[in-house]
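Protein chains: 4
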Amino acid sequence: MDRPVIDHRSVEFAELGKCCLEGMKSVFQTSHPVIIYPSSGTGAWEAALVNTLSTGDRVLAFNAGQFATQWMKVASNLGLQVEPIDGDWHYGVDAVRIGEHLTKDSAHETKAVMVVHNETSTGVTSDIAAVRRAIDAAQHPALLMVDTISSVGSIDYRHEEWGVDVTVGGSQKGLMLPPGLSFNAIGPKALEANKHSTLPKSYWRWDEMLMHNARGFFPYTPATNLLYGLREALAMLSEEGLPNVFKRHDRLAEATRCAVRAWGLELFARNPDQYSSVLTAVLMPDGFAETALREVVLKKFNMSLGAGLGKIAGRVFRIGHLGDFNELMLAGTLAGVEMGLELAGVPHNIGGVAAALEYLTEQHRLQSTL
Amino acid sequence: MDRPVIDHRSVEFAELGKCCLEGMKSVFQTSHPVIIYPSSGTGAWEAALVNTLSTGDRVLAFNAGQFATQWMKVASNLGLQVEPIDGDWHYGVDAVRIGEHLTKDSAHETKAVMVVHNETSTGVTSDIAAVRRAIDAAQHPALLMVDTISSVGSIDYRHEEWGVDVTVGGSQKGLMLPPGLSFNAIGPKALEANKHSTLPKSYWRWDEMLMHNARGFFPYTPATNLLYGLREALAMLSEEGLPNVFKRHDRLAEATRCAVRAWGLELFARNPDQYSSVLTAVLMPDGFAETALREVVLKKFNMSLGAGLGKIAGRVFRIGHLGDFNELMLAGTLAGVEMGLELAGVPHNIGGVAAALEYLTEQHRLQSTL
Amino acid sequence: MDRPVIDHRSVEFAELGKCCLEGMKSVFQTSHPVIIYPSSGTGAWEAALVNTLSTGDRVLAFNAGQFATQWMKVASNLGLQVEPIDGDWHYGVDAVRIGEHLTKDSAHETKAVMVVHNETSTGVTSDIAAVRRAIDAAQHPALLMVDTISSVGSIDYRHEEWGVDVTVGGSQKGLMLPPGLSFNAIGPKALEANKHSTLPKSYWRWDEMLMHNARGFFPYTPATNLLYGLREALAMLSEEGLPNVFKRHDRLAEATRCAVRAWGLELFARNPDQYSSVLTAVLMPDGFAETALREVVLKKFNMSLGAGLGKIAGRVFRIGHLGDFNELMLAGTLAGVEMGLELAGVPHNIGGVAAALEYLTEQHRLQSTL
Amino acid sequence: MDRPVIDHRSVEFAELGKCCLEGMKSVFQTSHPVIIYPSSGTGAWEAALVNTLSTGDRVLAFNAGQFATQWMKVASNLGLQVEPIDGDWHYGVDAVRIGEHLTKDSAHETKAVMVVHNETSTGVTSDIAAVRRAIDAAQHPALLMVDTISSVGSIDYRHEEWGVDVTVGGSQKGLMLPPGLSFNAIGPKALEANKHSTLPKSYWRWDEMLMHNARGFFPYTPATNLLYGLREALAMLSEEGLPNVFKRHDRLAEATRCAVRAWGLELFARNPDQYSSVLTAVLMPDGFAETALREVVLKKFNMSLGAGLGKIAGRVFRIGHLGDFNELMLAGTLAGVEMGLELAGVPHNIGGVAAALEYLTEQHRLQSTL
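Residue numbers (this note's numbering), protein chains in the order written: chain A, 861 to 1230; chain B, 861 to 1230; chain C, 861 to 1230; chain D, 861 to 1230.
In short, the hints are calculated from the structure, not lab data.
Certain hints may be false.
The list cannot tell twin chains apart, which means a pair is met if one copy fits it or any two copies do.
[Unchecked claim] Heads up, simulated DMTMM-like pairs for lysine to aspartate or glutamate below, C-alpha to C-alpha not over 25 Å straight-line:
1. Lys-1055 <-> Asp-1184
2. Lys-1049 <-> Glu-882
3. Lys-1171 <-> Glu-1100
4. Lys-885 <-> Glu-1222
5. Lys-1171 <-> Asp-867
6. Lys-1159 <-> Glu-1222
7. Lys-1055 <-> Glu-1202
8. Lys-964 <-> Asp-1016
9. Lys-878 <-> Glu-1099
10. Lys-964 <-> Asp-946
11. Lys-1055 <-> Asp-965
12. Lys-1159 <-> Glu-1218
13. Lys-1055 <-> Asp-1133
14. Lys-1159 <-> Glu-872
15. Lys-1107 <-> Asp-1067
16. Lys-933 <-> Glu-1222
17. Lys-1107 <-> Asp-948
All values derive from a computational prediction rather than experimental measurement.
Build the full structure now, drawing on both the sequences and the hints.
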């Protein structure tokens, strides 16, 4: 990204723009348009709502983590009626409960269903295809909106195959960039809804974006330097191959869980089918605060662990293992946690790093045998 | 900016955040808060409106250029009633006409007055203090909102002394950064209006920003790498001294106009008191399109001249002279224009560069004598 | 060059090494080996001598500038007997005088002839092919050694066609890199001489370099980051095409001379066939020191002009126009000189920049007509 | 280092030059001059010899590793008579044997003693003060020359206190820079010897360097961009404090040895007083080649382990732990080795990483208690 800014009305820019817009389609696994905003991921949450809904519309939101909670707050801020389904944060989105709600809504007052694919606060990944099936089974026209800010480019996500109407993404996780770009992948039903949406909107307008994007341009000044970075990130993902990127994250995540089990600590996520491949949240033993642990790890080893967020603040710490990350970086990370647990006096068994290494070694041995 | 992204919840980040937030106050010449958004300048236009106004509110907008036109469109998009005063684009904002409008509005239905400080499409700078006086003379409570996207950090601008309520700025001109940051400088009356504003808002909310900014943080992920750049830009402006920065731009702008006069071409701006110090728009002779000129300059000399925008497309070209710019870069720029005029067959006299150099030499001689 | 250092024994490094070694052959226009040292150009001067000569050997050096003088000093430092031909610094190497010296040396005691292709201190380029013809006409076996530190990659130079035995080059001029790499292009006769050379040598040894270079490696730690830069510079030269690079320098140099003539100043170089295309040395009018001029240009316009060097210190200033340089950068440079002449009170006519622009415009017009 | 090259004759450059030259004195712990060459470390080996010795001089070299062997070859290449003491590579320099040799040399034909402080091929650090005492005890005037290319800035080294005459250093290890700078720290006796040295020299001449260095300049083009980097590296070392830097390396090295012992592998270095704090060489079990191990680690984990060099090629692998290195990077490194040993089928016990972490945790616990 360390390059001069070019004129965003030039032919050279149009090539960059087209390359990024096309590349993002492959990352979201869709043939429909993806929009790129010069904003944080929070902006793309807002964009998904203001482009499809009208003031006072009802939205159904499954609240299974802090980021779901925050997205709901965005919806409320924008004047939507948010109907929450309070989930157990140890688990992912419950498609059955969504289906029940929608079935009851025979008047089709619910206009959209908001779910988070990978909940960064809990380390739980939800089954999005199941949510789609539940909506369809209820024969309900609500739009399906999915937040993939922490999963896109790291965990398999299929916007089109899974029938998602709007997907929200960001640049600073799986795409390995600084924050400053956010995304909306848009399906045909959402584009149709856009025509009737009356929520006030200007910066986030899809229609103007799509009109300019068709020729590789943007309706207002884009974050050119981040687009250079995005082009490079897309090339890196393409070189490794998305399926390999996903497998790498799966492997590192399971190794992390091996370490947690060996420490005798408890994973926050309780359903193995829902374990996140990009981060792992770990419960602190009763009576021990995560703050002390994170402080000692930061001070002694210059490593930032994730804090507990929202209603589980103080009770969990989070280990990230996403983006441009490999086995040895994970070993360093887990070593920092293991030494930190000891120095902070948190009850645990030693051997977490060793367990992770044993798993990783075995995986590589199997690979070589194939 | 070429540095690793740091944790935006860390102590190290808070220092960066505070430094940028304080520094921006000095650039806007205000003691009141400045808000920094991870967005293009267009976002800060929207933020000024949604934080202070309510759906259906009437705003008075002085339209003297393409960027004024676009800001008006943002207001319309957001559901505001835009009352335009169509200005002559050759001139700046006419405070008298604004005063007349407001005097007639005895019911105080107009909630805000929107003006552009430096109109990038025309090279005209307006007298903001005069607009304030006109509003006051009309004893009208409308908020004064000013766009300084292309002037802040390059042309003297005094948010507090001039009584502006909301000032809109961006990172990519006078602050010498890539696009991706935008600003709202906020006065007390605007903060008061914020309490009663009902336009839906979330990403742009001042209240949450101010709450987090108090400790150097942001309510959602900031564009950390651009903040590094902003800190450096603020240090550069401070080292040179804002008054010296302004004088440098004044000098380079007058040199540019010397060149234009020597070429026998006409300045688009007609009132010398309103000449912009950051860019100069030049009228093409009748029958000659700017496109051919800009193409030859780009192809032969790899330099992008500004195109005519909006209703003066095809009739003017624009020479930028702002940011980290000096005498020799200006000489190169004017040389490109002079050679381009000749190669594109545009009728003109030679000697523009020579006239600019004569003026600059004289200025430096006077400086040395002092 | 802003990349991590890679292992200089790795396969990845070997590809980089081969790319640079091959690319440098095309720049020197030779099919024989080119050696790359991690050193300043001064080191490559030394390398040419210690690899081919023996203690006490006699070398004939044509002294027509400060860099020739310094290379002679290197030779003396190394214990060689330097036989100087004192040239008139206003002119290039006089092949006739070299021929006369060699003809008299019937015992063939002279082992090498040292000449500078482009003399940076005087702005004079010499006819290397003529020197070769003079040596051949004298039927003398002396090696021909040529310094191209300031010309390689900017002025047409043909190591093989012109029959040069050792060519010396550096990274920081025509190759547009920071200083830190230097080159020896080696012909077959020089390689043969290497076998019998007894001057002590280790760091500069060709034999070990060539042995390792064959596989893309180096006998000791190379300056890896500069090699990344070199690969990029070679790609840029190749994209523009060497003949076009040479023409661009010729054009910018003639424009500079147009300016000098218009100022009524005198070019230091007196033979038009020997005008340098990479820099122009200008005589100061009698009674005016270059120091004052250079100081005012540095202080007012932040531009460094070249000082007079060696025996012409104080009497000339030098304008560089090489590397990644274009019309508009030249216009800025000449503008700085023209304003500096005025501010420093140096007698001159105005209109230098204008004359340069007129010439450049005409050249571009002719190009377009073709 | 990512900055434009500045004029190396300017005032701005002189400040950079002085800062680097002074800073290097503190790193070598000397009040006498340090010289900075634009070259690889190999060049500084040559410089130490050509500046102090004359053709045919005898030098005594203690050969306890591959880099000692290579320095001896440089001396031979330069026409010196190298008298080797063949040491056992498992151990450091034997000061007693040096003393014996010098005592026998009553004619004082030996002009210099060459030893390596930290032998990168073996992971052995030698007692330099003991060598000085042995020379003094023999009442012998030979100069003491020491290679610190892999130790300077990482292991405690005291040029002045230990009575070293010439110390050789490089930029790419403890100074955390790319290769391209090398150093000679010079004592008074070496400066005196310089006056009588007759080996041919030019690029490496101390006298011209010192003359120009006095004002912050260099006699020929320096590697400016690396000097920027050096200034930054010196600031980093100064901020952490050299004693803390040394302790950090000691701690990481002992942790590495804990891992090696837990694996049941043998350290190449046999005397605990001589264990290197910057790298650890490990013996392969009989019948197992290091090549296979290094290949699997490179392929699977993208990590380069050091190969066995010289006469121990194939029998050892080397783990580096120097420069800008911390606990978690070491954990990652050791994890790569442990998994590599398993995947390559090298007989070993598991638990190396765990042993290293246990040691590091204990060290940090003790620190906290203090």
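Evaluated hints:
1. Taking the shortest alpha-carbon separations for Lys-1055 and Asp-1184, neither the intra-copy value of 39 Å nor the inter-copy value of 44 Å comes in at or below 25 Å.
2. For a Cα distance limit of 25 Å, the shortest separation of Lys-1049 from Glu-882 inside one copy, 20 Å, qualifies, whereas the shortest one across copies, 46 Å, does not.
3. In this assembly of identical chains, the alpha carbons of Lys-1171 and Glu-1100 never lie at most 25 Å apart, being 38 Å within a copy and 39 Å across copies at closest.
4. In this homomeric assembly, Lys-885 and Glu-1222 never come within 25 Å of each other (Cα to Cα): the closest approach is 35 Å inside a single copy and 49 Å across copies.
5. Within a single copy, Lys-1171 and Asp-867 get their C-alpha atoms only as close as 46 Å, which misses the 25 Å cut-off; across copies the closest is 21 Å, which meets it.
6. In this assembly of identical chains, the alpha carbons of Lys-1159 and Glu-1222 lie at most 25 Å apart only when taken from different copies (16 Å versus 33 Å within one copy).
7. Proximity of Lys-1055 to Glu-1202 under the C-alpha cut-off of 25 Å is found in neither arrangement, the shortest distances being 58 Å within a copy and 50 Å between copies.
8. In the homo-oligomer, the alpha carbons of Lys-964 and Asp-1016 never lie at most 25 Å apart, since the shortest distance is 32 Å inside one protomer and 62 Å across protomers.
9. For the identical chains of this complex, Lys-878 and Glu-1099 are neighbours both inside a copy (19 Å) and across copies (24 Å), given an alpha-carbon limit of 25 Å.
10. Taking CA atoms no more than 25 Å apart as the test, Lys-964 paired with Asp-946 passes inside one copy only; the shortest distance there is 17 Å, against 54 Å between copies.
11. Within a single copy, Lys-1055 and Asp-965 get their C-alpha atoms as close as 23 Å, which meets the 25 Å cut-off; across copies the closest is 35 Å, which misses it.
12. Taking CA atoms no more than 25 Å apart as the test, Lys-1159 paired with Glu-1218 passes between copies only; the shortest distance there is 18 Å, against 29 Å inside one copy.
13. When the C-alpha separation of Lys-1055 and Asp-1133 is checked against a cutoff of 25 Å, the pair qualifies neither within a copy, at 38 Å, nor between copies, at 46 Å.
14. With identical chains, the CA atoms of Lys-1159 and Glu-872 are at most 25 Å apart between copies only, with a shortest distance of 13 Å across copies and 46 Å within one.
15. For a Cα distance limit of 25 Å, the shortest separation of Lys-1107 from Asp-1067 qualifies neither inside one copy, at 37 Å, nor across copies, at 43 Å.
16. In this assembly of identical chains, the alpha carbons of Lys-933 and Glu-1222 never lie at most 25 Å apart, being 45 Å within a copy and 46 Å across copies at closest.
17. For the homomeric pair Lys-1107 and Asp-948, neither the shortest alpha-carbon distance inside one copy (28 Å) nor that between copies (49 Å) is at most 25 Å.
In terms of the numbered hints stated before, the structure departs from hints 1, 3, 4, 7, 8, 13, 15, 16, 17, listed from lowest to highest.
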